[in-house]
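Participant: Each chain is listed here by its residues.
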Amino acid sequence: MNSKAVIRPAIVLLLISAVAAGLLGVVSEVTKAPIAAQAEKSLNEGMMAVMPEASTFEAVDAEFTGTITGIYKSDTNGFVLTTAPGGFGGAVNTMVGIDADGVITGLRVTGHSETPGLGAKSTEPAFYEQFTGQSGSVTVTKDGGQIVPITSSTITSRAVCAGAQEALDWVAANGGAY
Amino acid sequence: MANPITIIKNGIIDENPTFIQVIGMCPTLAVTSSAINGIGMGLSTTAVLVFANIFVSLLRKIIPDTVRIPCFIVVIATFVTIIEFLLKAYLPALNASLGLYIPLIVVNCIILARAEAFASKNGPVASAFDGIGMGLGFTFALGLLGLIREFIGAGTAFDMTVLPEAFPRTLLFVMAPGGFFTLALVMAVINSIRNKKA
Chain L
1 MNSKAVIRPA IVLLLISAVA AGLLGVVSEV TKAPIAAQAE KSLNEGMMAV
51 MPEASTFEAV DAEFTGTITG IYKSDTNGFV LTTAPGGFGG AVNTMVGIDA
101 DGVITGLRVT GHSETPGLGA KSTEPAFYEQ FTGQSGSVTV TKDGGQIVPI
151 TSSTITSRAV CAGAQEALDW VAANGGAY
Chain W
1001 MANPITIIKN GIIDENPTFI QVIGMCPTLA VTSSAINGIG MGLSTTAVLV
1051 FANIFVSLLR KIIPDTVRIP CFIVVIATFV TIIEFLLKAY LPALNASLGL
1101 YIPLIVVNCI ILARAEAFAS KNGPVASAFD GIGMGLGFTF ALGLLGLIRE
1151 FIGAGTAFDM TVLPEAFPRT LLFVMAPGGF FTLALVMAVI NSIRNKKA
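Here the protein sequences come in this chain order: L and W. Going left to right, the first sequence walks through residues 1 to 178 as our numbering numbers them. Going left to right, the second sequence walks through residues 1001 to 1198 as our numbering numbers them.
Check the hints yourself; a few may be wrong.
Unchecked claim - Among chain W residues calculated to face chain L with C-beta under 10 Å, some are:
id, residue
1, 1029
2, 1033
3, 1034
4, 1059
5, 1065
6, 1068
7, 1071
8, 1081
9, 1089
10, 1122
11, 1154
12, 1155
13, 1171
14, 1174
15, 1175
To be verified - In silico DSSO-like cross-links for lysine-lysine, where the CA-CA straight-line distance does not exceed 30 Å:
id, chain 1, residue 1, chain 2, residue 2
16, W, 1009, W, 1121
17, L, 73, L, 32
18, L, 32, W, 1088
19, L, 4, W, 1061
20, W, 1121, W, 1061
21, W, 1121, L, 4
22, W, 1196, W, 1061
23, W, 1061, W, 1009
24, W, 1009, W, 1197
25, L, 41, W, 1009
26, L, 73, W, 1088
27, L, 41, L, 73
Bear in mind the hints are in silico, worked out from the structure with no lab data behind them. Quantities reported herein were computed from a predicted structural model and do not represent experimental measurements. Glycine included, every Cβ here is placed at the ideal spot set by N, Cα and C.
Input sequences plus hints: build the corresponding full structure.
Facilitator: In C-alpha cells, the structure reads:
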C-alpha cells in the first residue's frame, strides 16, 4: 500500500469530522439559551400545576436525599420537590407540591417509562388527584393507605407513593430550616 | 434519474424497510407500544434519512471507499444531534413526545443502509426521494404495528379509548413479547399476499 492510499482517506475523514464538529459547536451555542429557557419554562409550569396558589419559586440549596432530584421553595412558604423513585420500567419522575402545613397541594408524574395502558395511567387526573390534600403518610390501599392504585399497576402506584412520601418526609424534617 | 414516484413507492411498498428488508428491528420492536410513538419515531427517522441521504450523495465523489462507513456515521450523527438541539430549543412539545427516540435514530441501521445502498450511488435529488420513501415506509410500518398493539393490548387507538371498558385487553401485546408477535403476524399476512401475487 502506498502512502497516498492512506493519507487521502485520512484527510477526507478528518475534514468531514472537523466540519461536523464545527457545525455542532455553532448549533449548540445558538440553541443553548433557548434550551435553558424552555427547561425553566416547563419546570415553572409544572410547579404552578402542583402548587396553584404560589407565584414564584426559588431553588433551595440543600443536600438531596434518597431519590430527590430538586427542591424549590415557593413565595407561600411551601415546597415543590421533584423525585425519581423506581417504578416498573425505570425511574418515575414525580413533582410534588407541599404547603407550609405539610399538606400535598398537587402531584404530577412528569416523566416515566411505564407500560402504556397500565402504569402510564399514572399521568391521568383520576390517579394523581388522589394525592391532593394528603399529608403525613401516603401509601396504596393494598399497603393500608388511602391511594387507590392503578389496576394491575401496583408497582407504579407504589413508586408514585414512595416519591410523594420522600417529599413529605423531607419537608417534615428539613422544611423549617429553609 | 428514476421517477420520484417509483422511488417513493419502492420505499413504502416494494422494499418496505420493516416488512420486506427487515432492518431497523430494534426501534421497531421498542417503540411500537402505541401508534403515536411509532409514527413519531417514523417521522423523526424520515427527517434524518432525507438530510443524511442528500449529504452523503453530495459527498459521494469525495469520500474514498475505504473510509466511507465512518464518514457516513459522522454525517448521520451530526444531523441527529442538530435535530435534537433544534427540537429542544424551538419545539419543546414535539421534543417531549419524541425526545426519547431521537438519539436512537443514530443507531438505526436503515439510515446507514440507505446511505450505503442508495445515496452513495445516486444523485442528491433521487437520494432525497429515496429518504422520503424509505422514511414513510418505516413510519407506516411502525404506525401500523403500534396501532395493532395498543388496540389489542390497551383497547385504544391513537391514545383514545375505542374498546368498551368491559372488553378484555390482552396486556401482553403492549409489552415486549407483543412486539415480536405482532411483527410476526403482520409479516406473515404480507408475505402470503405477496406470494399469491407472484
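Participant: Give a verdict on every hint.
Facilitator: Hints, one by one, checked against the model:
no.: 1; hint: 1029; in the structure: violated (14 Å)
no.: 2; hint: 1033; in the structure: holds (5 Å)
no.: 3; hint: 1034; in the structure: holds (5 Å)
no.: 4; hint: 1059; in the structure: holds (7 Å)
no.: 5; hint: 1065; in the structure: holds (8 Å)
no.: 6; hint: 1068; in the structure: holds (9 Å)
no.: 7; hint: 1071; in the structure: holds (5 Å)
no.: 8; hint: 1081; in the structure: holds (6 Å)
no.: 9; hint: 1089; in the structure: holds (4 Å)
no.: 10; hint: 1122; in the structure: violated (19 Å)
no.: 11; hint: 1154; in the structure: holds (3 Å)
no.: 12; hint: 1155; in the structure: holds (7 Å)
no.: 13; hint: 1171; in the structure: holds (7 Å)
no.: 14; hint: 1174; in the structure: holds (5 Å)
no.: 15; hint: 1175; in the structure: holds (6 Å)
no.: 16; hint: W:1009 to W:1121; in the structure: holds (19 Å)
no.: 17; hint: L:73 to L:32; in the structure: holds (26 Å)
no.: 18; hint: L:32 to W:1088; in the structure: holds (10 Å)
no.: 19; hint: L:4 to W:1061; in the structure: holds (17 Å)
no.: 20; hint: W:1121 to W:1061; in the structure: holds (9 Å)
no.: 21; hint: W:1121 to L:4; in the structure: holds (24 Å)
no.: 22; hint: W:1196 to W:1061; in the structure: violated (42 Å)
no.: 23; hint: W:1061 to W:1009; in the structure: holds (27 Å)
no.: 24; hint: W:1009 to W:1197; in the structure: holds (17 Å)
no.: 25; hint: L:41 to W:1009; in the structure: violated (43 Å)
no.: 26; hint: L:73 to W:1088; in the structure: holds (27 Å)
no.: 27; hint: L:41 to L:73; in the structure: holds (16 Å)
Checked against the numbered hints listed earlier, the structure breaks hints 1, 10, 22, 25; every other hint is satisfied.
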